[in-house]
Amino acid sequence: QGAVKPRLTAISQWSAGSDGAAITALGKKFEEKGGIWQHSPVPGFTTEMMNKLRAQIIAGDPPACSQLKGPEIAAWSKIAPTVDLDAVVAAAGYEKVVAPDLAKLHKPGGKWIALPLQIYSTNMLFLSKRAMDKAKADKPPVTWADFNDLAEKMKTAGVTFPVANGGTRADDGQKFEASLAGISPTAYRAAAMNLDKKALEGPEIKAAFAQMRKITNWMDPNVGAQPYAINLKRFVDGDMGMLIMGGWAQGVLRNAGFKLDDFVIAPGPSDNGKPVFLLNADAFIFWQRKEPDLQAGQMLMAQLVMDPAIQTMYSQITGSIPVRTDVDLSGEGWSDGQRRTAAALKDAVASNQAVLSLAHNMAQENGLTAAMIDVFTEYAKNKTITPDQAVTRLAEAVEGSR
Amino acid sequence: MVRRLPEYLMIWVPLLLSAAHLISFSIWTIWISFTPSTLVPVTGWVGLRNYNSVLASRNWQIAFDNLLLFGIAFVLLSLITGLVLAILLDQRIRGENVLRTIFLYPLAVSFVVTGTVWSWLLNPGIGIEKLVHDLGWSSFHFDWLVNRDMAIWTIVIAAIWQSSGFAMALFLAGLRSVDTDIIRAAQIDGAGPIRTYWRVILPTLWPITITVVVVQLQFAISAFDLVRALTNGGPGIATQLPALVVYDLMFQRSQLGRGAAAAVLMLLILLAVLLPYAAWRYVQRRQAAHA
Amino acid sequence: MAALSIRALSKRYANLEVLKGIDLDIESGEFTVLVGPSGCGKSTLLNIVAGLDRASDGTIEIGGRVVNDVPPKDRDIAMVFQSYALYPSMTVRQNITFGMECRHVAKAEQEKALANVAKLLQIEPLLGRKPSQLSGGQRQRVAMGRALVRDPLLFLFDEPLSNLDAKLRVEMRMEIKRLHQRIGATIVYVTHDQIEAMTMATRIAVMHRGVVQQFADPDTVYRYPANLFVARFMGSPPMNSMPARLEANAGGPVAVIGAGRPDEVRIHLQDYDAATSYVGREVVLGIRPECIAEGDRVFSAATGAPVIVTAPVELVEPTGAETIVLLRLGGEPAQARISPDIRPTPGGTASFALDTRRICLFDPETERLIA
Amino acid sequence: MAALSIRALSKRYANLEVLKGIDLDIESGEFTVLVGPSGCGKSTLLNIVAGLDRASDGTIEIGGRVVNDVPPKDRDIAMVFQSYALYPSMTVRQNITFGMECRHVAKAEQEKALANVAKLLQIEPLLGRKPSQLSGGQRQRVAMGRALVRDPLLFLFDEPLSNLDAKLRVEMRMEIKRLHQRIGATIVYVTHDQIEAMTMATRIAVMHRGVVQQFADPDTVYRYPANLFVARFMGSPPMNSMPARLEANAGGPVAVIGAGRPDEVRIHLQDYDAATSYVGREVVLGIRPECIAEGDRVFSAATGAPVIVTAPVELVEPTGAETIVLLRLGGEPAQARISPDIRPTPGGTASFALDTRRICLFDPETERLIA
Amino acid sequence: MRRGVMSSDGRPPMRDRSFAPSRILIYLVVTLFAAAYLAPLVVVVLNSVRTNEEIAQGSMIGWPQHMAWRNYLTAWSGFCIAETCAGIRPYMLNSALITIPATIFSTLLGAVAGYAVSLWRFRGDNWIYGIVTLGLFLPQQMRLLPWTIVLRDIGLINTLWGLVLIHTIQGLSFTVLFCRNYYIAIPHELIRTARIDGAGFFRIFWRIILPLSSPILIVTVIWQFTHIWNEFLYGVTFTTGQQQPVTAALIALSAAVADIPQHGVQSAAVIIAALPTLLIYLFGGRYFVRGLTAGAVK
Ligand SMILES: Nc1ncnc2c1ncn2[C@@H]1O[C@H](COP(=O)(O)OP(=O)(O)OP(=O)(O)O)[C@@H](O)[C@H]1O
Ligand SMILES: Nc1ncnc2c1ncn2[C@@H]1O[C@H](COP(=O)(O)OP(=O)(O)OP(=O)(O)O)[C@@H](O)[C@H]1O
Ligand SMILES: [Mg+2]
Ligand SMILES: [Mg+2]
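Protein chains in written order, with our numbering: chain A, 1 to 402; chain B, 1 to 291; chain C, 1 to 371; chain D, 1 to 371; chain E, 1 to 298.
Please keep in mind that the hints were generated in silico from the structure rather than gathered at the bench.
As the structure is a prediction and not an experimental result, all values here were calculated from the model.
Do not rely on the hints blindly, as some may be mistaken.
[Unchecked claim] From the derived model, a few chain D residues whose C-beta atoms are all more than 10 Å from chain E:
1) E61
2) A106
3) S135
4) R173
5) Q270
6) A274
7) S351
8) E367
[Claimed, not checked] Reference excerpt, derived from the structure (chain B facing chain A, CB under 8 Å, subset only):
9) L39
10) R58
11) S119
12) R148
13) G234
[Claimed, not checked] Across the chosen pairs, the derived CB separations fall in these ranges:
14) E:H66 / A:E152: 34 to 44 Å
15) C:V298 / D:R178: 26 to 36 Å
16) A:N194 / E:W69: 52 to 62 Å
17) C:S351 / D:G347: 38 to 48 Å
We treat Cβ as the ideally placed atom computed from N, Cα and C, and that holds for glycine.
Could you build the full structure based on these sequences and the hints that come with them?
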């Protein structure tokens, strides 16, 4: 070392908005530490990013690090050699401040090869202040029953659509996973994460589908394939009531010029009263390179990613929460929502109710996830499918893509 | 031989490169479809497993049904639209040049943009329906984009918008090359405009029609960008199409082998369309040779 | 009754006057041939008569009715195009019956008319074929059939034979002529083949630059061309024309070619009364190649002895059936048609007989026939 | 020296034999015309000579060198196509010099050759124009210029005049003929116009179905056609042919047409020695239309009195310069060319003079000339 | 040879002398169609001068309240893609660097090959021609991975030249097809004369065929240019960062799923990015129709 100037080639899909801003800030830090930052954003869907990664791996020229998450880390690590990060991770004492389920995902062969960067919960509940006022409600709902009550109240109070929504596949997936996890985290773990055959056909799944049908009945059917963000104004205006969305929606709301007191953030409904945390973590995987400058860059990047200050900076830009559970969120720059999310994560970890998000590719590899989301999205859009049928279809879909 | 080397190179190198890439890529895909490849191509042999699972999947079944509907509806409607436009433009109307440009310009636009813009227009919440509501006609209803049964028609609409100009151009050129004397003969025979078109002019256009049908069918079968930007297969999976399924399996779901199998199935569909056409061409040429 | 009357008809395209005040009266049953060089307006005239183009000025009457504003289908005409314009997608049968179908003629009647025409033109075996499966001559016949089946007031033919090869052309020419004699139809026929014009027409209209130069029966057109254009246009090789001086003489005026030269040619004009007023002036003398023959030729029915001249021979072209000789009469070039077995030597001289009965004189200024 | 020798040349396309063993020897300076009906293989033969097509069999020598495997550009030939095939994007000048440019002729030399040719063909004012700005005749001249500028061993012309109108055709025909006389080039010229063939050729090769039927000078081809095909193909209207019986007679054999009929025609054959062996047998008698004339015609240079017959007249077609009459000789149809001012009445009878010196007899089996 | 296919003369009077009501109907229908075809363009143009807020608070269709010309500036040189804030300008340049050479190469090579196949004929020409034109029908998703392998093996991955190569070879299917169909109508005598004149394969092509080819070259150029310019999948897969084509930039603008859509800027960017192809159709459209007839209807 010493002689070489650390250099990092990275690819991600973070090209615009707060994601773009955050990665840009990270790059700045990297350069401040004397590195050369060569980030190549791949616009489009995740697929395009993975195409790009695949092309570079096939070409024998993988980036020094690339965005990748969940079980895909394990899958992709089989097709190209990755960097063993155990030493840096140990040096930073990182392992003990990361949620265990999360840590497992990033050390598929027992060694750290990838590092999580930030955490979102995909089942946060955003409540429109104005809609709540209309419904004369002052408390966020805790259980699904509360949620349903509140929605009904909103409906009668003149909120056109008690649930705000987007129409993408992930949106529909989130509705299901929030339902199921809220009804029974255990069942979620068994069915969504472990694909237990019996759990997949169990009563909780059917109940989750039933709850999801209720949610979809309160949604605007006209959203089509638009992202949820298209409805933010109607949400804030009280024309729509509640939004089940990942924590990132907070950043989006604020970027769109809405104020923090326009809405309330709460953990998603949970029938047992304790918060359920649907974990979604972005991460970087590090690919083996021979070039000393790249290797130096990888080490530098790893240190940065694990650095509490960097994680703070990053999460404050994107609205996520840090991976490190030891970061103090009480200070300036953190929102209530983030604090509540972090608290929820702690609680959930304690009560073993922190589970991995299915809709955001944390629970299963992409093929399985997509097959399951097929069922959710069809169910969301086609109200003639009964929950019973949906259960069967889900089981079939899992079977078919194993 | 040596003297003619440069010309052989110029003729054969591009042609061979083009032919070779097509053949080898096809063979490669066929091979992959029999392997257990997932993220990246691997060797191995799984027989027809990939085919079976593709054929059994709801995605593929819906995509195939959609392709039938979309293919037929789109080809027919764009044919009719193109023909109607061509006939209208053939009436020696003022501003023909401007109109022709208007009908052609969608060809210049990328499918992604077409899909995006039409998704705005057709979205009931933000597009035409909202506009009409805001104008005061609140019972107006146009929600095809988010209606499972009708969403495929929004793709038809956007696709027609984008490509009927091509049909129009070909038909117009065909109409313009009809021997004027034939039209005059029909006039003297006492045929009115409609009969003249129907009985005399249009029947001479059917070689063009075949060309248009083949080109549009090819477009329908490989439609991808447009659908991805417009509905992305939704609502639900109601507007899946084979090209979408292939891409999804290969790259999103990391099931390369299955994706390849779906691609091979797509090729078979293409062949089912092209072979009759090739046979028709062959018969045509044989007849021409005998005449 | 005039089947077709054209009065003061003109046609302008933008700044180009294609037809300039055409007047024609065509009697019922006549076979009128329009001839003229390419671009003289023949097709335009025909199209206006058919109603496919509008006249800029003038009136058209068909069968006594002014049809300027009548659409083609109501003019009771039939037309045969140079390209035949058969409907490519229809069978021969459909091509022929299409017009009746448009006029809602009953099926049975259609069949009868079709059968008649098919028999007349001997195309019965072809009825099921498409035009692309027919030879040129057959196509021509089908195009005729399509016109004949209508039994109209007027037939218009626009160069119907020009796409055929020489042999077929001669055959079809005879066939059309016979057809005309048999059905006695009124026909206006465009061609630029003079043999066709001469052999088929009851009257010929020679057009040039949008004007009818002469409208008369074939013999008159050939024998007494109204002007130099007609004289040169009709006949191949064309009529020889050369400057000559008219001199007074006892037995009537004498035309002198190359006056004053040693080889001047003097021709006594017989029966050419109009010539007397030109005595002493320059004229253009026209003599047809077949009126210059080998020296010992006896022109049949000739009343007097032919003028015999000895003239220098420039070029000899034997065509088999005759020999074309390029010679000089009084220094002026002229072509002669002589017997096939006589071959004067180019460069030498030979003796030629002139048939002086058929000489034409033209005013050198107006180029009109002096008559 | 033979400029072009073709030996046993054949050409097959798949299962079609287009040329069947052609043998031709063309001397230097000759003007050879290939005639024949459409599709007989004329263009194919020319293309093989030019090296644009390969022969299936046989050899081709140009200027004494076997050229079967020599590419077109090295055969020292020039070719003019029916369509002229002028390079549309080049000016007249470039069209003419393109060949020299390809052969890397020096610029100055190019200019000289161009100037010569342009002067010869009088196209100097056109040099800067594009082909689309030229009239038909001018295009033809440029195409000629492109060939002439090469000064090759052999010129090949494929129907160079057939796209021109009648008048221009006659003019260009003469021009080409003069050109040939002036530069003395060896020319092979394809046409299906017999007048062109008769007037231009030093020798004519008549082709039919891929076989050369006769290769001889024009007079021989016209006067002594090798077989019925040639007899009928050359001449318009074609030679009349009719069955006849040869009978022995004192002054040589007599051909009887319609023997036994009241109107049988008996023709004493003069100087037709070969006929004697056919006495008592059926033959085909050929007589050209111009050998049947009005009854009082004196055939020039005729040694004996013509045979005078009275025959029924079927159709009369005056063409101006002559009258074509369809009559019956001994019941057989025949065409006659009579004086223009004589017009027999169709349906009646008239008297005709037959020029019996030019009668041809053909074997009815082989259709060959009995000679 | 292609005598006045589009010229307006020779139309029979029937079509321009019909009685008035039917003319009015024709104009009415044509106008309706034109309006429908223009609608998307109008919407994008209007949105391109509306602010994001205005669009977010109203609908996608609406009259601009105040003209937000800034959108164009932002789109052209302002907005950020990750750490690069240069608008779509650099990406336009990349697209041009890919599109122009690929268009030229595929057109020229296609013209030469089409000329060889149609006017020279050689053994196996029909077969190879058939296979090449089949390429029109091969879905591009299927070719992505094989191309990856090929580009890796020839070392052109992540270079603009790699994309030029892909588009050139894939474009041949179209250019060969259309050029061949066009050339087949050129009289063979032209080639024969030139051969006798002593010209070889290339001289004939350059001096005689190419000058006659403008109608079909215009068609292939228009076609290739728009297709390559609008291509996205290969563009993002085989380039890196600053080399990406403009379509990638457009997607980056629109696919920021987790953000407020920037419809105004996006519309402006769409218009700027589509300008080259729109202009090409605007000026070349008439020739396009003409050449298309010559090339496609055989
Ligand atoms: N639509 C038009 N616009 C302008 N000029 C025209 C039009 N149609 C014909 N002409 C001109 O009118 C003249 C007469 O044309 P027309 O077709 O009647 O000639 P034609 O005698 O039939 O010739 P041809 O023997 O070649 O058929 C020509 O000079 C032609 O160029
Ligand atoms: N490439 C080919 N393949 C098959 N047959 C051919 C080919 N070229 C010519 N022929 C046939 O060969 C015969 C002779 O053709 P060619 O062109 O030599 O005739 P031609 O005497 O020049 O006729 P024309 O007077 O019409 O020009 C024709 O029957 C033609 O159909
Ligand atoms: Mg005409
Ligand atoms: Mg020929």
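Evaluation of the provided hints:
1. E61: holds, 18 Å
2. A106: holds, 15 Å
3. S135: holds, 17 Å
4. R173: holds, 21 Å
5. Q270: Label holds. Min Cβ-Cβ 50 Å, cutoff 10 Å.
6. A274: Label holds. Min Cβ-Cβ 45 Å, cutoff 10 Å.
7. S351: holds, 53 Å
8. E367: holds, 36 Å
9. L39: This interface hint holds because 5 Å falls under the 8 Å limit.
10. R58: Holds, because the Cβ-Cβ distance from R58 of chain B to chain A comes to roughly 7 Å (cut-off 8 Å).
11. S119: Check passed: Cβ of S119 of chain B comes within 6 Å of chain A, closer than 8 Å.
12. R148: holds, 6 Å
13. G234: G234 of chain B check passes; min Cβ-Cβ to chain A is 5 Å, inside 8 Å.
14. E:H66 / A:E152: 34 to 44 Å: The hint (34 to 44 Å, Cβ to Cβ) holds, given that H66 of chain E and E152 of chain A are roughly 42 Å apart.
15. C:V298 / D:R178: 26 to 36 Å: holds, 34 Å
16. A:N194 / E:W69: 52 to 62 Å: holds, 57 Å
17. C:S351 / D:G347: 38 to 48 Å: holds, 40 Å
Of the numbered hints listed earlier, not one is contradicted by the structure.
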